[in-house]
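Student: Below, each chain spelled out in residue letters.
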Amino acid sequence: MAFGPHGFGHWEGGDSPLRRLQEDINRAFGDMRWPQAVEFPPMNLWRGPEGVIVTAEVPGIGLQDMEITVHQNALIIKGRREQPTHAAGVSYHRQEREYGPFARTVTLPFNVDPDSVKATAQNGVLMIELPRPEADKPKRIQIRAV
Amino acid sequence: MTDSVNRKAASGETGAESTRNVPVFRPAADIYETKDALVLVLEMPNVDPGDIDVTLDKRVLTVLGRGKSIVPEGYALSQAEYRDGDYERSFTLPEAIDADGIAATVKDGVLSLNLPKSKPAPAKTISVKTG
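Protein chains in written order, with the numbering used here: chain Z, 1 to 146; chain R, 1 to 131.
One or more of the hints may lead you astray.
[Unchecked claim] Label-pair restraints from in silico Cβ distances:
#1 Thr-69/Z / Pro-23/R: 26 to 36 Å
#2 Thr-130/R / Gly-89/Z: 38 to 48 Å
#3 Val-60/R / Pro-84/Z: 22 to 32 Å
#4 Arg-94/Z / Glu-95/R: 14 to 24 Å
Read the hints as simulated data drawn from the structure, not as lab findings. C-beta: ideal position from N, C-alpha, C; glycine also.
Use the sequences and the hints to build the structure in full.
Tutor: In structure tokens form, the structure reads like this:
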């Protein structure tokens, strides 16, 4: 199964620091076969007889900050991590976290009934359960001796 | 799984070895200074608030987080872009921090540490007498 159809999702806003860094790295090591840095949020995909579970690391983003949609066999996760607004006089010593909008699309191996999808989030990890429809499950064929 | 680099790996695993057979990540951090405090914000997804240790030894602040392992029952990992693991990172703090006033909160896998600046000791005036 592949994530797609556009490969991995992408941070919208092509000018994000992460993207620029990635471009710099690509320029410097363009001919090296380094694995591509994963887009945000990084996801793990689990398969089981009952369907598929997608987990994603979304630290600092609650369920209310995300929009999860399922259309046929496409799972779309969209959201935005807001940068905290500070009063005047606040100075940053380090800024390593990424902010801004993100969106990813995952192609599933089956069409999902949107009403049966369950999404939960705990400790910055999102879990989306995507059950396989009954009609789509493999059928065991009874074999009778003649 | 080994051919995927994730943000945590990009931000670097620490050199220290854990006794647990899990990777130890260096959590991404934002640090900013307000008028009366230094604020540290660290990303530690998949760590229960109870599994985070923050210690201050002299001027070195160390944050440790033990990550949980999420394995949905009956499911097998088919594609991985991130790994579960622990988090560890140390910071050398500026002198003027009120160690007793440090406050820690966790929300959605993000640890925020508020380190209040200590009040400067009132300047002493030394009177000079003519001898």
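Student: Could you work out which of the previously given hints the structure breaks and list their numbers from low to high?
Tutor: Violated hints: none at all, because every hint is consistent with the structure.
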